[in-house]
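Each protein sequence line maps, in turn, to chains A and B.
Numbers given in the working numbering equal positions in the first sequence, counted from 1, plus 4.
Numbers given in the working numbering equal positions in the second sequence, counted from 1, plus 656.
These are calculated hints, taken from the structure and not from any lab test.
Mixed in with the good hints, there may be bad ones.
Label-pair ranges, simulated between beta-carbon atoms [unchecked claim]: (1) B/GLU865 to A/LEU392: 54 to 60 Å; (2) B/ASN713 to A/PRO30: 53 to 59 Å; (3) A/THR368 to B/SER700: 56 to 62 Å; (4) B/GLU714 to A/LYS185: 40 to 46 Å; (5) A/LYS15 to B/SER804: 52 to 58 Å; (6) B/GLY982 to A/TRP285: 33 to 39 Å; (7) B/GLU714 to A/LEU392: 38 to 44 Å; (8) B/GLU661 to A/ASP198: 34 to 40 Å.
Negatives, chain A to chain B, calculated, CB over 12 Å [what the hints assert, rightly or not]: (9) HIS294; (10) GLU320; (11) GLY344.
In silico lysine-lysine, DSS-like type, Cα no more than 25 Å apart, as pairs [to be verified]: (12) A/LYS292 to B/LYS1000; (13) B/LYS972 to A/LYS301; (14) A/LYS263 to A/LYS273.
No residue lacks a Cβ here, since even glycine has one placed at the ideal position from N, Cα and C.
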Amino acid sequence: MLIQLNQKQIKLQNELQEYFESLITPALKAELNQPEHFEGGGPEFKKAMRTMGSDGWIGLSWKKEFGGKELSPIEQYIFVETVMRTGFPFPFLTTESVGPMIAEHGSEWAKEEIATKILKGELIFGIGYSEPNSGTDLASLQTKAIKQADGYLINGQKMWTSLANFSDYIWLATRTDFEAKNHKGISMFIVPTDDPGFSMSAINTLGDVRTNATFYDNIHVPETHLVGELNQGWSLITSQLNLERLALVNHGPVEELYKDVLKTAQSTKINNDQCLSDLSWVKHNFAKVHSGIEALKLICWKQTWIMESDQLNMAEASVAKVYGSEFFIEAYRLLMEIMGELSILKNDSDLTILNARLERMYRTASILTFGGGTNEVQRDIIAMAGLLMPRTR
Amino acid sequence: MDFSEQSHQTEVRASLDKILREHCSQECLKEYDSNFKHDENLLSLLSSNGYLGLGLNEKYGGSGEDLYDLGILFEQLGYHAAPLSLSGCLVDVAQTIQKFGNEKSCKDILGSIIAGEIYTSAILEPSNQDPENPITTAKIENDQLIISGTKYLSEISSMAKSILISVNSSEGVLLVLVESDKVQLTELSSTANSPIFKVELDSIKVSRESIIHEPGRGLEALRYLIQINMVMRSYIALGVTEKMTSLVAGYTSEREQFGRVIGTFQAVSHRAADCFIELECLRLVNQQASINLNTNLDCENDALVSKIWAGNTCHKISYSAQHLHGGMGVDKDYVLWRYCLLAKECELINGSASQNIDRLGINLTTNQ
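Using the sequences and the hints given, assemble the complete structure.
Here you go:
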């Protein structure tokens, strides 16, 4: 048993830190501070993505034959951790899950036209899974793709299609067999957002993160836009979601915030002799957050180790998702308690702390307990796969 | 990164499980519910199979210094609610002497511990919140120490040859090995009927040679002792809560109400799933702390994190388990109740979660 990063991994961590320090220019920082660019999509963001593409930093988990780095899950975790600590909205879903899937299962056109451009940092995908009536029960989705002589005709509606407002394509889950059992009739398509049949309406969320309802009205795509075998899309979705869940609960951002709040509390005078961090209840909150982060870090490390050694363990993946998402909410609360009323101030005042990061992060945390597979389903899985209890009804 | 156990560790776990399963049946444990909770036969069985040398160097007859090995032993003792209290002997005395004692005491004492001889420690004091600063004192007169004070929660002290005692003196903190016939012992009756004692030292005289460490290293040794004790007791907590969680899974998978197994109710299975999550967290923080203590004699924050998780996890899983078992959870003919009582001891010995959160908070806000 060895529970620490090795020298090579620490070196990678340092290398990445330095790389991002030079990549994130003041202009990019300023752009990312504007609410409409929290998620990226602006000109500076696009420039940075292309730079990362030409520097070879996109495609960590891709196979070498496609121009990737074929990094192990642990190194990939380090990459995600380091990026997330900087606050750069790296489009992981495009580069790390959709991209490798297209490189491996896509048509010749998709491999040449789409996969290579993702590697160069030139393309962004939105994910089209949920629908108005298909959320947790994703396999019940109803968006249709009907076979035609020269391709497929797509009709339907998706919900929560994040990044669609600046995406080039949607990674779209559709129903292609209406007779088969739910998850056996699903196929994946690459759908261009510049098609006249594509439209969207914005959904503004409590976290000021924009997401979208997207509409697919008689969109015709050629055969080459199908990824994987017809009706075999479910396995592409589930392997993509596994990767997504671990990225969602990465311990980097919360640890970064903990350190920053600690520094702030140590330098905030509350009277002539005392700082905020001298108060015992403040110390208690820090200790609670620290012990929680330690557990989260270890859970994530173990999960990446499990992925590396290919010992798929459903219960452990769900433990990471449930524990991480619920801990974030608790941790942000405890940290906000420390800074008190100051932590509800937004960016426009000289009293604002930490550039209002605490204020923004608590508002974006709530989506994680239901996004990426709701925690009720994860607990069902833990009871079944971890405790061998009977299936819940 | 490697979270897997080495093959010898998996073997140790399996064979300990087999031995303890046999010797800690309901029938066997019943005998100790109202009698002195110490199974001498089981102890000599563990000794003859070499398990008392886990975590000790091969040159003294042990099986290697990896503390994770020792953790497996304590986890198993907890899992089976074994009538053996060995943290004073195998952790406080053996490990501290291994790290801070001279070659001679290592050879003599570790060798006899492996052979089954009992030693113990007396570190905690009533109403002293800070064990690093003992109230018990030693007056140094020439080559003699004159020790006065009161210790408690000392394990199986009546069986012990000597007791390791922490004291304050003009030379700072000292750890002193005192022959047990020099002290006055009073057996205490505790919630899980553990064999624990009050140790009174009334101006007892011992020679300076009874100090187990080099001059000036007493505080360092005591801090190590406290930390490793916290971590190894957290392994007992891990075993105890592991057992309770598996009892929950088993019971709720069989018990039927409203014409169905109650484990199929989401309210029930989710409370069980929460136990599983807590357990996984406790296991991981214990592993990290024990591995770090292998190479670093001072890992206070890791030890505190492990104790904080142990305290909270013992409480949460114990009450979830009692609740999900209904009346069975408190019925003394079923297995669960002993674990619930043990869980309370694990939760409170070495300080509650709240107390250790306080301590960790001080470290985090002042050390950086």
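For each hint, the structure was consulted:
1. B/GLU865 to A/LEU392: 54 to 60 Å: 56 Å, holds
2. B/ASN713 to A/PRO30: 53 to 59 Å: For A/PRO30 against B/ASN713, whose Cβ atoms are near 57 Å apart, the range 53 to 59 Å holds.
3. A/THR368 to B/SER700: 56 to 62 Å: 60 Å, holds
4. B/GLU714 to A/LYS185: 40 to 46 Å: 59 Å, violated
5. A/LYS15 to B/SER804: 52 to 58 Å: With a Cβ separation near 56 Å, A/LYS15 and B/SER804 satisfy 52 to 58 Å, so the hint holds.
6. B/GLY982 to A/TRP285: 33 to 39 Å: 38 Å, holds
7. B/GLU714 to A/LEU392: 38 to 44 Å: With Cβ atoms ~39 Å apart, the hint holds.
8. B/GLU661 to A/ASP198: 34 to 40 Å: Once the Cβ atoms are compared, 55 Å apart, the range 34 to 40 Å for A/ASP198 and B/GLU661 is violated.
9. HIS294: 6 Å, violated
10. GLU320: 7 Å, violated
11. GLY344: About 16 Å separates A/GLY344 from the closest Cβ of chain B, which puts it past 12 Å; holds.
12. A/LYS292 to B/LYS1000: This hinted pair holds, its Cα atoms lying about 21 Å apart.
13. B/LYS972 to A/LYS301: Roughly 22 Å between the alpha carbons, so the hint for B/LYS972 and A/LYS301 holds.
14. A/LYS263 to A/LYS273: 18 Å, holds
Violated hints, in rising order: 4, 8, 9, 10; the structure is consistent with all others.
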